[in-house]
Every structure is written in structure tokens, then in C-alpha cells.
Amino acid sequence: MAVANTVLTGDGQNAGVGPEENYINHGKGILSWLFTLDHKRIGIMYLVAILSSFFLGGVFAMFIRTELLTPGQTIMTADTYNKMFTLHGAVMIFLFIIPGIPATLGNFVLPLMLGAKDVALPRLNLASFWLWLIGASVAVASIIIGAVDTGWTFYTPYSTTTSTAVVAMTLGAFILGFSSIFTGLNFIVTIHKMRPEGMTWFKMPLFLWSLYSTAIIQVLATPILGITLLLLIAERTLGVGIFDPSLGGDPVLYQHFFWFYSHPAVYIMILPAMGIMSELISVFSGKHIFGYRFIAWSSIAIALLSFLVWGHHMFTSGQSSLMNMVFSALTFSVAIPSAVKVFNWLATMYKGSIRLAAPMLYALSFLFLFAIGGLTGLFLGSLSTDIHLHDTYFVVAHFHYVMFGGTVIAFLGGIHYWWPKLFGRMYSERWAQVSALLIFVGFNLTFFTQFVMGSHGMPRRYYNYLERFTAYHQASTVGSFILAIGFLIMAGYLAHSLMKGELAPANPWGAATLEWEISSPPPHNNFNHEMYAGDPYDLPALRWDPSINGYVRRDPSSILATTEEAG
Amino acid sequence: MTAHGHGDGDGLRIDHHFENADQQYQSAKLGMWVFLATEILFFGGLFTAYTVFRVNHPEIFIFGHHFLDKGLGALNTVILICSSLTAAWAVRAAQLKQIRMLKLMLVLTMLFAFGFLGVKGVEYNSKWKHGLLWARQYKPHVDHEQATEVQSVEVSIAGAEVGAEVIEHDSAGDTVTVESEVILVGEGGAPVPVPGEADRSKIAPAAEGPAGLAAPGSEEADDSFEVEPANAQTFFSIYFLMTGLHGIHVLGGIAAFIWLLIGARRGDFDSGHFTRVDMVALYWHVVDLIWIYLFLLLYLID
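Line by line, the protein sequences are chains A and B. First residue of the first sequence? That's 1 in the working numbering, and the numbers climb one at a time after it. First residue of the second sequence? That's 568 in the working numbering, and the numbers climb one at a time after it.
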């Protein structure tokens, strides 16, 4: 393949904003989407599915907050309330946030960052999406046949005795688990086997490092969830008794099983978000990422440490005090790689030329919120304070600061960052900033109040509360309404962008990773020549080209493979 | 192995996103190994549950394992090891483009797999006859004749009635039966029958032969299973969960071998393409390996 020729197609097309052949108009009809093997289409289908789940989980959250506007009954009975918080948790965790970033942005971006035409196992990728659909349908069906009121953790013995639809919901989560395993497996293989020329392990974009670490957890932890839920189903339907003390079983064993998956699972949620952060901070600070190797290794360190801390969920379950101490110490150790990342991001921003575009606003939000979420985790990891804070709103607030303030905010940042690449359209920057601000304010109002009331002793999951917590609860509810408005505005301008947004250039942000070298939206086959990957954070290699409103490479041949290895 | 180093055949269709056959082969192989790791972890959860329960209640396992047939378990172990050999041979045959040999080995492997399931079926059937089932279905009978007599009733009726039925038939059940009936009947408050000589099991104690209920009162009988411990049914729950899940994997393996056989007949492997055979064989070895652990942990407890 002649280099000169490919340069032309590579760059000439980049500038073009016409209705070129791309993955969206390549093949028509719903079936061409549902049975596609194209990672980009699968990523988009996942995006639609996962944002729908987010909406559903959000509706449940709104019901919860509205109910808590006043003590006693506001809009629903106590039984309905129990189901609401369970469904909110189960839908948000299993349907939305675990598949979240890897299955949507990861699926779309990972092969592009590798200069590859697809993930290594495209059929498995499609299978993963279908498993998600089936699992989600079963989980949603459980809502119709009676919902679940156990909390998303399905703790025994309540989950084996309640009359609600525990089997359907856990079966749904079981199937969703395999979807997650297949995504992780696929990413591991793709990253191992499909890196382009020039991309050694330590030349990979950090988003790929984070997806790789995430995939390790997905593959190693999720089978345990599978067997745990299977045992729970067997316990309910057959009465096996492994978790039933009246039959010689041990309910705390269930908690060990459950958290052996579900603690690593919170790193499945946060690690990809950290990967997005590394991309955003570098690009929008106009600077090479600081401490590349430290960030890369800290992802791996978090993935490995994640398997050693599950016991901190059982400090009050009668664990031996030696185990408590060990788990507490290990829990603190997770703070080290997390802080390594945060300090490296800060150092990247230092003396950078920071552009406050919407993705960067989310990145800054993340830094602030994740710092609070992470540091309050230390309160909960300390044995003495945890006894006081256990099962209070403090835990709820900590979890939401990490998961919402961390993962969701970074996810939103990632969506805004890659949106032009995904759909080939720009969104309204002004409205994006308004929405980002509302979400930041609404979020803090919702959850910071929960730190306060939690430390004052307000227990989580309670339907009723003492008069003195009313002000906090009402502030929290008002905050949640502001949050909802922020999201509605976002839905509005993103929908508008899809229809009437300005056409996006290939590289609107000046990023140096390979996905920005092809047109927006990308062509069906991604790259029509072998790529050479240099330093993913070599931002000076790009220059602003006002004629296309985007960035172009100073030396386009620098990203083409030098050898004809193909064939 | 050179065949590995150079990837997988020449005439193979390479998917559009791979650069060459070797990359495609290596990807499949890594993917399969990762998948097998998840399979082992999946069973690992069950092994953990087994370990915790056994540490807490060793008597249940010592009691329960006497009712498993070591001979049949060993036979199945041999069958699976042989099937692993034929599966490996099938891979070699595919690499060497010996299609006839490949087909033969695939058929042999499948026959072994069916043989395994057949033996397992015999074992399950014997458990079923003796009412040695999981959890709430656990209703051990005294001997074969009575077992068949009562069986039809037992299957359809649950709870106190079952207990009453059994007690009616064996006017004086032995201790083993009585204890379990009390558990089953629960709050039903069934009267505790007096053990009598006449109705004792005529099956030899398991220590001396194949599965069967112990003859209570026999001086030589092993103390550990003369008296049924509380919650003895949990052993059988774990037994059925673990072997059942393994059995499902055997069925999956059979389906995969049928798929390979169809491919072999269609000529998919004529060009020396062997990735698919290799992957299925890897899976089959893991299924085999898990069985070996199940055999050790469930059958050979003493």
C-alpha cells in the first residue's frame, strides 16, 4: 500500500465533513444493527441500552428522594419504598454502571485507539450485548412480577425468605455477569494481540490501561458472583442450606461470597472512569500526561488490591478482630494508587493551558468529587469510625461520591469528549456548561447533606426518620431535583446535536490518540491502512487548522506503519 | 510446537480484522484460556462453599460419602481421562490433516462423554431410588422394595403426609429413617417409631460394598455413618449441585464435539485448520480436570 496514497485518504477525508460512507450509514434497517459485528455499532447499541437503564434507575431515585421529603408516608407505602431503593440499586449497579463505560465508550474507542478494525472476537462482543439484553429483560421482568425488596446486595437470610421476586432479579444479574465477563475477556485478548506497530505496553493510551485492568477484574471476579447467585437461587428454590443457620449454614458466608465479587466490582466501575480522566486532563491541559508509568501501574495495582479488601464490608458482622485489622490495613493501601493518579492529574494540569470545555468541566468535577469520595472511604475503612458510621447515610454519600461523582461524572465527560467521534456532530457548548454546572451543584446538595445526616446517625434504607433530619432530607431532595434538571437539559442538547448539530471535524480537541485520525463518524472499516502508534500524549504533533475547525497532524506520515507486515 | 508458531493452516479464512492467521489463532487461544480461568473460578465458588461447610460439619460429609459408589466414580474418572486422550489425539489429527482419524477421535470422545453421563445416570438413579436427594427432597428409604412401593406417593406428596406414609409402610423404621423423618416432618410431630430388628436394611453397609443404607446396630459398622447427623441432606445438595453443574458442562462439551464433527464432514479441517478442535479440546480437558477434583472431594473422603 503506497504511503502517499494513504496519506491522502487518511487526511483528505479527515477534513471532509460531507456524508461520506461511515459506520452509521453502512447498512440499513434494524437488523443490520441488532446482528452487526461492528464494535462501533455494538458500542452505540450498548450506549442506548445503558442510558435507558440509567434513566430507569434515575426515576427510581427520584421516587426515593420524593418519598423522603417528609417523615412518614409522603407518596408511597413502606413496602413500595423498600422495593424502590432495591430497584434503584440493582438497576444502577447491574444494568448501568458495571457495563457502563467499558461496554459503551470502551467498545467504541478501544479498537480505534489500537488502530484496529475491530475487537479480537467480534462475535463474542455481539453475544455479550445479547446477553445484556436478555439479562436486563429478566431483571426488568422481576419488577413486573413483584419486584425485590432486599436491597441490591440480596443478603441472606432475608433474600431466601422474602416473598418478592428475588429469583428473577438474581437470575437477571447472573446473565448480566456473563455479558460482563465476555466484554472483559474480549478486551484482554484485543489489547494483548491487536496493538499496532509502535505501541508497546507503555505506549498505550492510559484509557486502554484502565480498560485492561478493568477487564482483569471482570474476568476474575464475575464468575464468583455467578456462582454466588446460583447458590442463592438454589437456596431459595431447593432449600440447600449453605447460607441458612437453621440448617447448619452461614449467612455471613454469603456476604463473603457477595463482596468477593462486589468489592472488586466497584473498581470495575471506577477504573475506566480513571482512564477517561487521564485522557481528558492531558488533552484539555494541552500537556503531556505527567507520570505515565505511575498511572498505568496504579491501575494494575488497584485491580490487584481490589481482591484483598472485601472483608471491610463485614466489620460489624462478627468477623474476628484480626481479620478486621488486616482488611482495614489493606483497605487503606488502596488509597495509595488512587492518590498516585490524582496527584499525577494535578501535576499534568500544573502550568498547562487549560481549556474549560465541557469534558474538562467534568474532569474537574471528578477531581473534586472523587477526592471527597475517596477520603471519606478512609473513615469507613477505619475500624473505630466504621462502627459508628456503618449502615448510615454516610455510607450512601461516600458510595455516591465515588460512583456518581467519580464514575458517572467521568462517563459524562467521556461522552462529551467522544461525542463528535461517535456521531460526527458537535453539541452546544454553552448548554453543556450549564448542564455540567447544574449537575455539580445538584449532586453536592444531594449527597453532601447525606454525609452530615449520616454522621448524625441517620440510618440508610429507612423509610421514616426523626424530625431533626427533615431539613437535611429536604435539602437532599431539592438537590436531586436540580440534578434531574441538569440531566434533562443534557438530554435536550444532545438530542438536538444529533439532528442539527454542527458537523464535527476528525479531531476537534487536538488529541493525539489514533481514534482522532479517522473521520467523524468513523468509516465502517475504521482504518484503511496499517497504523503506527507513537506517543499517545504527543500533543505538539498537532496543529489547529481553522479551515476545518479542527486539528491536523503536522506530519501525517508519522502515524502510518513503516513496514508492510500485513499478509 | 511448530504448528503453533506458524499459526493455523494456510487455506483458512482470516477474519477481516486480523492481519494474519497466527494473530487469529493466538487471539482465539488467549481468549479460550481466559474463559477457562473463569470456568475454574466459577467452580471455585462451589469448592469454597464445600470447604466451608465441610470444615464446619465434617460429620455430614463422612456420613454422606458412604452412599456414593466409589467404583462407579472411579470408572467415570477413567472414562474421562480416556476421553481427554482422544480429544488431544483429535487435535493432533487435525494438525496433521488426518481427517479420518480426526473423525474417529471425535466420535470416540463423544462416546466416552455419553458413557460418563450413562454411568452418572446409573448413580443418580440409585440416589433417586433411595431418596438420597438434595435438600427438601431428601427422604431416605430403608430398602429397595419399600423404596419402590412408596416412591410414587413420595414424589407427589410432600411434608407430613410423606413421613406418615413411610412410617406406615415400615411399621418400625430404623434409626436412620426415623431421624430423617423427624426432620422432614418438622413441626408435624410424627411419633417416633421404635426401631425393630425385622425391618432393618438388608443392604450391606457401604464400607463393604456399593451404596446403600447402613445396617444400624451392627458392631462392625463405621460409627460415623451408623447414626445420621443433622442436616445430612446438605451433603447430597452439594453433591447434586457440583456434579449437576459439571454434567451441564459435559453436555456442552458433547454439543461442541457434534459441531466439530459436522465441521469435519463439511471439510473445514481439510486445510490443516485446527483452532476450533484445539479450543474445544482445551475446554474438554478442564471439564475432565474438574471431575477429578469432584471425585476426590466427594467420593474419597476417608
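None of these hints come from the bench; they were simulated from the model. Hints may be right or wrong, so weigh each one.
As the list claims (entries may be wrong) - Interface residues of chain A toward chain B, partial, derived using beta-carbon atoms under 8 angstroms:
id : residue
1  : T74
2  : M76
3  : I181
4  : I227
We treat Cβ as the ideally placed atom computed from N, Cα and C, and that holds for glycine.
Structure-based check of each hint:
no., hint, result
1, T74, "violated (41 angstroms)"
2, M76, "violated (36 angstroms)"
3, I181, "holds (6 angstroms)"
4, I227, "holds (3 angstroms)"
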